[in-house]
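Heads up: the sequence lines are chains A and B, in that order.
Counting from 1 along the first sequence, just add 20 to a position and that's the residue number in the numbering used here.
Counting from 1 along the second sequence, just add 1400 to a position and that's the residue number in the numbering used here.
Treat the hints as calculated values from the structure; they're not laboratory data.
Quick caveat: nothing in here was measured; it's all calculated off a predicted structure.
Every residue, glycine too, gets a C-beta built ideally from N, C-alpha and C.
One or more hints might be untrue.
[Claimed, not checked] Straight line, CA to CA, 20 Å or less: simulated SDA-like cross-link-like pairs of lysine to any residue: (1) A:K98 / A:N122; (2) A:K217 / B:A1423; (3) A:K107 / B:A1493.
[As the list claims (entries may be wrong)] One-sided and incomplete, this derived list gives chain B residues near chain A with beta-carbon spacing under 10 Å: (4) E1416; (5) E1422; (6) E1447; (7) A1454; (8) Q1459; (9) F1467; (10) R1470; (11) V1471; (12) V1475; (13) R1476; (14) A1489; (15) R1491.
Residue-level listing of the chains:
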Amino acid sequence: MKRERLPNRKASRPDSSLQLGPGEQVDDQELVARALEGDESAYRELLERFRRPVFSIIYRMIGDREQAEDLAQESFVKAFNNLDSYKPNYRFSSWLFKIANNHAIDYLRRARLATVSIHGSPHATDAERMEETRIVLEAPDESPEQEFLALELGAEIEDAIARLRPDYRVAVILRHIENRPYEEIAEIMEVPIGTVKTYLHRARAALREVLSHLREEL
Amino acid sequence: MKNWTNNGHPSEQALEAWAASEAEAHELQTIGSHIQACPACRAQATEWRGLFLALSSLQGLEPSTSFDDRVMERVRVPTEAQPAVSAWAHRVALGAPRIAAGVIGAWTIGLVGAAAWLQNRMDVPPAALLARFLGGVEELLVSAAIRVAAFLHLSGFVGLWTSVTDTVPGVGLAVAVTLMAVMSGLAIWTLHRVIGYQPPRVDVHA
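So that you can see chain A by itself, here it is in the shape it has in the complex:
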């Protein structure tokens, strides 16, 4: 049985300025310039910085690991092969996340999926395939009771996020999992900041309902 192991730590936001060596700092813009000059290590450094958030956003958007890997790859290939069209006065992360988000939204539109399930791929044809493609949560280093509560809560909240409208879902993922500021979320989603705030308020209200229901059960 294939299971995804998640570390019990808050995933860090990719740095816009990574320490490469003593006294040497390279920001995203400089890496893009190096990549355009043919430096393959710059492409790999950009992959290292953004692989996790891009995959994470797409996976949570569509709920299917294999498809998410394919779409994340497509996003990087499209971005890297069109680096010359990237305008350096915008954040590189916004540009890349916008490409990834558009890929995920296009996929949902094609597959006609408004919501997804954390319990496995919507295209799974049998129980084994369902098990292989589901998001598995893990909470090590806690007492059995704490572990159970954390897993229960994590699963409930993941499930609730997966059931949100796609635009609410992407706003929640970008804000609360990728820790992006409102301005950048607005850039990525191509909507005004006020709309982002509305999406987040409605999404949070729906998620709060789910949590209160869980609290009553426990």
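Please build the complex by placing chain B on the supplied structure of chain A, with the hints as guidance.
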């Protein structure tokens, strides 16, 4: 956002903002004080805090280990012997604000210095000097516009560029640039002969 209801309690959005620490410091403090004293609001705020705690515990997900290699197999990396022209454009764009700031700074310092020197040497009132300067700039701009328009018209710039680059792409670019250099020289010489244009002179004693 309306922070307080008519009953004197924080609104739902205010409690949400408080729990997310997304309000101004003084608002957070005021709402926090109210929550301490009001059990109903405290219950709601606790629910919001629970939600944000749960959201903050969610983790990033990693793709498979071969992900990077599979991406790089499909990326067209420019060869180092022939770096993309866009790389230079990108670097220039990155440095453009600093270059522009430097040029503007140097220009301003030079201008102010020259004006101060002129005023000191010739005892000209600053207002008259500024008026003369602005008049000169305007005259220069007008004459430059006339020259550019005449050059474009006389040299057949657009038509020449399109026809040459369309018919002989690549080599055509070099041919077009050479021809345009010759044509622009001819156009400027013609303008000088026909119009007899001379740069304006500033008479500081006028």
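Structure-based check of each hint:
1. Using a Cα cut-off of 20 Å, the hinted pair A:K98 and A:N122 holds, with the two alpha carbons roughly 12 Å apart.
2. At roughly 13 Å between alpha-carbon atoms, A:K217 and B:A1423 fall within 20 Å of each other, so this suggested pair holds.
3. For the proposed pair A:K107 and B:A1493, the alpha carbon gap of about 9 Å is at most 20 Å, so the pair holds.
4. About 6 Å separates the beta-carbon of B:E1416 from the nearest beta-carbon of chain A, less than 10 Å, and the hint is met.
5. With a least beta-carbon distance of about 9 Å to chain A, the hint placing B:E1422 at the interface is held under the 10 Å criterion.
6. Hint on B:E1447 holds. Least Cβ distance to chain A is approximately 6 Å, under the 10 Å limit.
7. Using the Cβ-Cβ criterion of 10 Å, the hint placing B:A1454 at the interface with chain A is satisfied: the shortest such distance is roughly 5 Å.
8. The interface hint given for B:Q1459 holds, since its Cβ lies 5 Å from the closest Cβ of chain A, which is under the 10 Å cut-off.
9. With a least beta-carbon distance of about 6 Å to chain A, the hint placing B:F1467 at the interface is held under the 10 Å criterion.
10. Taking 10 Å as the C-beta contact cut-off toward chain A, the hint placing B:R1470 at the interface holds, the least distance being around 6 Å.
11. The beta carbon of B:V1471 is positioned within 10 Å of a beta carbon in chain A (closest approach about 5 Å), and the interface hint is therefore held.
12. Annotation: interface hint on B:V1475 holds; nearest CB of chain A at approximately 4 Å, less than 10 Å.
13. At about 5 Å, the closest approach between the beta carbon of B:R1476 and any beta carbon in chain A falls short of 10 Å, and the interface hint on this residue holds.
14. With 10 Å as the threshold, the beta carbon of B:A1489 comes within range of chain A, its nearest partner Cβ sitting at about 8 Å, so the hint holds.
15. Here the hint on B:R1491 is kept, as its CB sits about 5 Å from the closest CB of chain A, short of 10 Å.
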